[in-house]
Structure formats: structure tokens, C-alpha cells
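Novice: Taken in order, these protein sequences are the chains called A and B. The numbering of the first sequence is this note's numbering, which starts it at 1 and goes up by one. The numbering of the second sequence is this note's numbering, which starts it at 1001 and goes up by one.
For the record, the hints were derived by calculation from the structure and aren't laboratory data. Yeah, the Cβ is synthetic: ideal placement off N, Cα and C, and Gly gets one too. Where hints are given, some of them may not hold.
Computed, partial: chain A to chain B, Cβ under 8 Å [unchecked claim]:
no.: 1; residue: A15
no.: 2; residue: A21
no.: 3; residue: S58
no.: 4; residue: E70
no.: 5; residue: H214
no.: 6; residue: T216
no.: 7; residue: T217
no.: 8; residue: M218
no.: 9; residue: V248
no.: 10; residue: L278
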Amino acid sequence: MTDRKFGFDTLCLHAGQVPDAATGARALPIYQTTSFVFDSADHAASLFNLQTFGNVYSRISNPTVAALEERIAALEGGRAALAAATGMAAQMLALLTLCRHGDHIVAARTLYGGTYSQFATTFDQFGIGVTFVDADDPAAFRAALTPNTKALYAETIGNPQLNVCDIAALSAVAREAGVPLVIDNTMASPFLCRPFEHGADIVVHSVTKYLGGHGTTMGGIVVESGKFPWDNGRFPQMTEPSRGYHGVRFYETFGDFGFTMKARMETMRTLGPTLAPLSAFLLLQGVETLHLRMPRHSESALAVARHLEAHPAVEWVNYPLLPGNRYEPLARRYLPRGAGGILTFGVRGGKVGGAAAGQRFIEGVEFLSHLANIGDAKTLVIHPASTTHRQLSEDEQRAAGVTPEMIRLSVGLESLDDILWDLDQALEKSQR
Amino acid sequence: MASVDDIAGLRRILSQSRVIAVVGLSPNWYRPSFFAAKYMQEHGYRAIPVNPNASEILGEKCYPSIAAIPVPVDIVDCFRKPEEMPELARAAVAKGAKVFWMQLGLRNDEAAKIANDAGLDVVQNRCVKIEHARLMGGLHWAGVNTGVVSSRRRA
Chain A
1 MTDRKFGFDT LCLHAGQVPD AATGARALPI YQTTSFVFDS ADHAASLFNL
51 QTFGNVYSRI SNPTVAALEE RIAALEGGRA ALAAATGMAA QMLALLTLCR
101 HGDHIVAART LYGGTYSQFA TTFDQFGIGV TFVDADDPAA FRAALTPNTK
151 ALYAETIGNP QLNVCDIAAL SAVAREAGVP LVIDNTMASP FLCRPFEHGA
201 DIVVHSVTKY LGGHGTTMGG IVVESGKFPW DNGRFPQMTE PSRGYHGVRF
251 YETFGDFGFT MKARMETMRT LGPTLAPLSA FLLLQGVETL HLRMPRHSES
301 ALAVARHLEA HPAVEWVNYP LLPGNRYEPL ARRYLPRGAG GILTFGVRGG
351 KVGGAAAGQR FIEGVEFLSH LANIGDAKTL VIHPASTTHR QLSEDEQRAA
401 GVTPEMIRLS VGLESLDDIL WDLDQALEKS QR
Chain B
1001 MASVDDIAGL RRILSQSRVI AVVGLSPNWY RPSFFAAKYM QEHGYRAIPV
1051 NPNASEILGE KCYPSIAAIP VPVDIVDCFR KPEEMPELAR AAVAKGAKVF
1101 WMQLGLRNDE AAKIANDAGL DVVQNRCVKI EHARLMGGLH WAGVNTGVVS
1151 SRRRA
């Protein structure tokens, strides 16, 4: 007998949550509690020794949060997951479980700015070195490896350059080096791409974006594939007795979810960026319609990209699935169901120049929302040069892939005609 | 008859069994076999140690062999090397056990055939504790993908 392999859409609604044992509640109960009683002193001891599974304190685990963790683990095709307060916290937990002082990471240079800062500034303070390399060049990742390298790190789709990662090629480099490939899959979501199917070992998300999908709630998650050989000699923290747990060896004891156990019981337990139960509930409501939202985001974004390409007030459009885009071949391979809702374009500078035209465009929109987020159900616009990247010089902006005339759009779920109408009228104003 | 590997089959084994002979149970509290036996004890099972080098583990008297256990056994749960599996399968059959269970990392087709041919259920390459926790216990709370999709309350 084999178990039924449920489809992605079914897992969006069911994975990780059966009706509540105590009440039969069909919706996910919000366990708004810090702590859980022990049945006995011996039960308490077993929980603290990791000899039984259960809830102790919501910093470490909580039944509402667990439903979100299992659901996203299932959607990614992974073995286990650990939720966190934000996407930034999730990637930190993943990497601090892999790295200690003196260790090293090789990362794509095109990473989201917040991630770049976390690696270049905060990890540097921790004594963890990060070498940033050309995201399109697997050989550059290989060339940057050191004996202390503990992870390769890249994004399925870079933000805001919208470069598509050749996950399988990076996986081959990682495998050869005996280190895990960590992929930030935020911009694609598991509906559009499942990095484990291409050889990634750990996936991280800002759940705030498409998984949550409604711009209401911060959250992050780390998912492990369950396939990385942690006993290859490079990860003594997985195979040697843990000081924190009286000699437990995480890989030997917990096997294919040993990394998640270590991330939870050591890294999360001691650093504490926990996801709140109410946040997990809100994010889970979004996950239940991921399979309906992502096709629409992707279809509308492609339609918007085509429309803008033909617009006289637009200099260029960048969307991975546009014919002729530099990343189109990789997008066809890794994002066959669509490339998500994010695109960038350049407003024609005309009389006032690109930066001013970009600002005029942003000030001219009627219902598209000017804010610094992506992956909301509503359409979002931002002019990076005058907002998120304002503190950088123009040269530094260009190095980060931001040009003065660039607008980033996160295409939402409104009527496509209305989105096009608002873009057109704001573009018209930008050229006055 | 092949190994039991599906949710319904594993649930049936775990709900119909009560006495587990744990072959190779270590007295060291941080070893996986100890974790598994302690967990099963806490969830209503009797875990009888088969270990010739110890006298008592987890409050249970140790026996030098499966044959030496003086009470009926439901599951023979093996934490020994793969090459020892056929001999342990024969001992499980002789003991009248209902299930021959090889732990995570253990596979042995010869042993599986011996047990199968005698009418025993066989489980390979799975941990009895993890499977109990996955299907009837708290593994879900550790963020693990249990594979369970159901509209029924957990028992």
C-alpha cells in the first residue's frame, strides 16, 4: 500500500491541520498562550531532554504556528519547517544554525537589500564572512569557496533585478563542495517554483509576501529538504554531542529533520525571533488561496509588461517571461507556471529627466499603492531611487541594479483594465 | 506481501501493539534507542530491552535474547547492524511476534522475506518513535511534514 499523493491545491488547504483534537474546530484554533502545562515532572524532563515531542513555551513551538510550518513544508515538498517573526529572522536562523564565528557564506550579489545588509554588516560583526559573487555565474560561486564555507545563498528571483537563479547549476557546485544550497523562494512562492526539486537543500521565505498574500502580517520560514548528508564532516554541530542538550547528536537522533530540530531547539530557543500565533493564523488564511492568487498575479504581470513595452512613455520593461528578456530561458525552465507579479520598467525622462519623471509617475497614480512591500493582493508601486535606495549615490544605486527612471510594480489582483488605466494616466502625467 | 509503509498500515500496527522487544537498546540516555524506548513507554507501550550487557534499562529487566523474554511480544524493534537482521527475523518468528520492525537506516530484504513468509508485518527503515509521533503524537508540533491529510479529529 502507498499513501495518496495529494495535489498542491489540496495541500494549500489541508496540510498540517486536521480538526482540533479537543473541540473538533475545523478552522485553525489560535492558541494564544505563552506556555503549556506538563503532565508530570517526568513528562517535563522528557520534553526538555527532547525525548518526546510536545509544547513547552511558545518561543520554541506553538500548535497554531505548527500548522503553518507543516503546511509550508508540505507545499515546498520539504521534510520540516521552522517559522519566524519575519523573513529576515528566518534567513538569520537558517544561517546561524549552519555558521559560527570564522565560517563563511558565498552569496549572490543581487540579493534583496535587507539581506545584503544583514550579511555585509551584521554577520560581519558576528565574524561570519560573506563573499558576494555574480548571481549568474556558478563558476564564481565555486571560485569563492573556502575550507570554512558552510552555505551557498541565492534567490529564485532577485529583487529588484528580477534575475532568475539557475538553481540546479548552483546545487551542483554546492554538492561538490559538501555544503547546503540555501534558496530564498519569496518572489516565486512554492506555487511557481519548488527549489528542492532542483537540488536546493534549505528554502527560506518572507511569508509576509505571496504566501501571506494580503499585506497584513509579517512572518518568515525556514524549510529543510531532509536530504542533505550532514555527516559529511563539515557540520560537526549536527553530528557531535550538543552542549545545550547533554550530548544529543541532532543528525543521529532526528535524522532527516535534524537541522530543523537544531534550528528550533538551539538557534530559535536562544535568539527568540518567534512568530506569534495570531500572525500564523492570519498568514495561513493567505496560504489557503495561494494556488488561486499566483496564476492571476503572474498573468496580470505579463499582460502589464506587454502593455508597458508598447507604451511611448516607457523606455524599457523587465519581466523574466517577456520574450527576449535575458532570463527568459531560465524562467521557462524554473517558472513554467508564471514568473510572479513583480516587474520593473523605466519611465521615459523627457524634459525633466528619469528621476523626476519617475517621481511624477508615482505621485500620479490613483489607486496603485505607493509603499515598500511586494506580494500584496493590491497593486503596489515604488520608485526605488527616491525611496528604498535614496541614501545611495547614483553609482551605488546602479551597482544595486537601481536606475533613476526605474519603477517597481507588484501587480495585484484588481481588474486588469483598471491597473492598465491607472498606469496609463500616471505615465501621461509623468511626461508633462 | 511487502513492507508496511503507508499511513493506514502503520497506524494499524501501532494501535494493535502493546509490547515491544527493543533489540540493542542502549542504557545511555542520549542514544536514539533510549529516546525511542522512553518515548514508547510514555505513550502506553511496554519496552522490553534485549541487551546481554545490561541488567535493567528504563525500569525493565534486560534479556540476552528475544527467545529469553518470558512474555508474549507484539513488535520486535531492531537497533542492530543490517547483517544481523535475518537471524533476528528468525528469532522474532520463533517468538510468535506479530511485527518485525527495522529501525531508521536499516533495510534487509532477506530478513523481510523470512518475517513476511511467516505472516509477520515488516517495517523497514523507519523509527518506531518518529512514526508514532508522526501519526498519533506530537511530531506535527515540531514543524515536520507528517503527510496526514484528513477531516477527522486526531484520536
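Novice: All hints are to be evaluated individually against the structure, with a verdict given for each.
Specialist: We went through each hint and held it up to the structure:
{"no.": "1", "hint": "A15", "in the structure": "holds, 7 Å"}
{"no.": "2", "hint": "A21", "in the structure": "holds, 4 Å"}
{"no.": "3", "hint": "S58", "in the structure": "violated, 11 Å"}
{"no.": "4", "hint": "E70", "in the structure": "holds, 6 Å"}
{"no.": "5", "hint": "H214", "in the structure": "violated, 23 Å"}
{"no.": "6", "hint": "T216", "in the structure": "violated, 22 Å"}
{"no.": "7", "hint": "T217", "in the structure": "violated, 18 Å"}
{"no.": "8", "hint": "M218", "in the structure": "violated, 18 Å"}
{"no.": "9", "hint": "V248", "in the structure": "holds, 5 Å"}
{"no.": "10", "hint": "L278", "in the structure": "violated, 18 Å"}
Checked against the numbered hints above, the structure violates hints 3, 5, 6, 7, 8, 10; every other hint is satisfied.
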